[in-house]
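Visitor: Keeping their order, the protein sequence lines are chains L and D.
Residue 219 in our numbering sits at position 219 of the first sequence, with consecutive numbering throughout.
Numbers in our numbering are just positions in the second sequence, counted from 1, shifted up by 1000.
These are computed hints drawn from the structure, not numbers from a lab.
Yeah, the Cβ is synthetic: ideal placement off N, Cα and C, and Gly gets one too.
Among these hints, one or two may not hold up.
Part of the chain L face toward chain D, derived, beta carbon under 10 Å [to be verified]:
#1 37
#2 129
#3 130
#4 134
#5 140
#6 162
#7 172
Pair ranges (Cβ atoms, derived) [to be verified]:
#8 406(L) with 1055(D): 51 to 57 Å
#9 19(L) with 1049(D): 28 to 34 Å
#10 1022(D) with 267(L): 33 to 39 Å
#11 434(L) with 1059(D): 23 to 29 Å
Listed here are the chains, written in short residue letters.
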Amino acid sequence: VTAALIVPVVGALATWFTAGWRRSLTAAVAVLGAAVTAGALVVEVAQAGTPLERTLTGPFGTRFVLVADGLAAAMLVALVVVGVAVSAMALREERRAATPPHRAYWPLSLTLWAALVGLFQAGDLLTAYLLLEVVGLCGALLVSLRGGRGPLLAGTRYLFAELVASLTMLFGVAIVWWQTGTTAFDGLGTALAASELGWLGIVLVTVGLLIKIPLAPLHLWLPAAHTQAPSPVSPVLSGVMVKAAFTVLVRLWFLSAPELATPAAASLLGALGVVAIVWGSLTALRAEGLKRLAASSTVAQLGLLFLFPPLLVAGAVAGWTGAIVLAVAHAPAKAAMLIAATAMASSARAQVAVEASEEAADADPQVAASYTRHDPALERLTGAASRRPIAVMAFGIGGLSLVGLPPTGGFIGKWYLLLGAFEVGAWGVVAAIVVATLLSAWYLVRFLLPAFARPDDPALRERDGRDYLALGLAGVAVLIGLIPGPLLDLIAIGGPVGGQ
Amino acid sequence: MTGVVLGAVLFALGLGWVFRATDVGGRLWGFGAMALASLILIATADTPGGIATAGVAALTIAPLLAVGAWLRRRLDHGRSQATSLDEQPR
Chain L
1 VTAALIVPVV GALATWFTAG WRRSLTAAVA VLGAAVTAGA LVVEVAQAGT PLERTLTGPF
61 GTRFVLVADG LAAAMLVALV VVGVAVSAMA LREERRAATP PHRAYWPLSL TLWAALVGLF
121 QAGDLLTAYL LLEVVGLCGA LLVSLRGGRG PLLAGTRYLF AELVASLTML FGVAIVWWQT
181 GTTAFDGLGT ALAASELGWL GIVLVTVGLL IKIPLAPLHL WLPAAHTQAP SPVSPVLSGV
241 MVKAAFTVLV RLWFLSAPEL ATPAAASLLG ALGVVAIVWG SLTALRAEGL KRLAASSTVA
301 QLGLLFLFPP LLVAGAVAGW TGAIVLAVAH APAKAAMLIA ATAMASSARA QVAVEASEEA
361 ADADPQVAAS YTRHDPALER LTGAASRRPI AVMAFGIGGL SLVGLPPTGG FIGKWYLLLG
421 AFEVGAWGVV AAIVVATLLS AWYLVRFLLP AFARPDDPAL RERDGRDYLA LGLAGVAVLI
481 GLIPGPLLDL IAIGGPVGGQ
Chain D
1001 MTGVVLGAVL FALGLGWVFR ATDVGGRLWG FGAMALASLI LIATADTPGG IATAGVAALT
1061 IAPLLAVGAW LRRRLDHGRS QATSLDEQPR
């Protein structure tokens, strides 16, 4: 546990004090070390077969409780897969791109890595709060790194949403602390039951976590932040970071203090999930750019994760399994889609630059180029399959996982969710899954059909490392679907009622 | 109990200020009040280690507020170069 936390922090410091090729080398070594140590922790959990709880002592005698269970291990797998891929992309950009990543990129992203490793294991309200602060701080700065008014506005709004969430959560933690004298998840349910106002603290903590996830209608900051973030940042934001607060919420409500999860509270979370599915899907259907489409679909996919609480409270553990598999499979699938979108943006940008120079009277070329630089407009991507076939294939496979078609991880997740829903006769959840599937297929077709509208022409084809990275990530989403056993076994460790 | 009442009032005032303010600076003051409310509640609770815990929490809030102030300066600096296209983050 300690190594998995310390290695990325040391890497963050080392990359801040180096420059040029030394920074690239340091970053590569740090990412490799962080991936190996996190992987070792996953193996340790898998071999132990039971949750591993550790308490670390921090400054001023504060205690940090970390619980490495199946949920944490599964999320760590997602972090390692996406983290290594985006780091490879950033290293490539440092060598080849006209505008290499900002000097602060590596220190921030490695600090974010360390905070996520801790957060996925958080077993204490204060530990979760402190690490969520670090995640929010790094996230807002990473979104703003490109500079320019768009990223700065997106980063500022993201920071404000984080601050509202953090301070609401902190006030909730303060009330819990005042009422019970503890913030550890373990035994919190019993302590809260004996208090008068403890429930208010938990409500505030939950609202803060829902803003941080974010679950609709508290998500309005997300699409702009994820679209404006630099290319190597968006996949981490959309694929992994959104699962951090989700993991804390799930561990608090359904693993450590299940007595908190009343049927009414679970139904409310499920209803919010349905709102998120509809809202996120409709936003994706109206999106003008490809990254915006992918970011909006994240809102809908997060809604899908929240269909499990009513199932679990009713006794269907399969619903829990399905939601966690969906959360893990979503990470490589969404990262593949966003990296593929970045690769396609390069081609679209070149095309826009040519058109803008030919029709200078129509638009300011500089504005047109910046408009499509990081988020290619869908209308510019007609025939994209003839220019970037590998990127389009990766985007399509990632999309299949989001829709939930076999043989992807998304299919396994939805399958288990449906099993749980049938088990307890939750027909509303079944309907929500069907609606989510149809809507996700609809908004993905908005890009995929025009992408194949032009005949294949080998002379137009482009490809680079990003296309293959995206394809590799999409392959991981398929691998989860083809060989789900190890992930299902991992998730069962420390799962509700002894696992599936 | 004084700490609880003071904390609750400060939190409500701060939250109201955040949503009422129209500029970045005003919102940061609101966030500051919200943070102070929680710190007072933690520090005055009848639980050992309250002041130390409040101190650690304050240490994590301070950088967020500082980054908010930094982003505000960057936004003010870039306002003259803004275009209608990128005024709203897409």
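Visitor: Against each hint, give a clear statement of whether it holds in the structure.
Guide: Here is what the structure says about each hint:
no.	hint	result
1	37	violated (24 Å)
2	129	holds (7 Å)
3	130	holds (5 Å)
4	134	holds (7 Å)
5	140	holds (6 Å)
6	162	holds (7 Å)
7	172	holds (9 Å)
8	406(L) with 1055(D): 51 to 57 Å	holds (53 Å)
9	19(L) with 1049(D): 28 to 34 Å	violated (42 Å)
10	1022(D) with 267(L): 33 to 39 Å	holds (38 Å)
11	434(L) with 1059(D): 23 to 29 Å	violated (48 Å)
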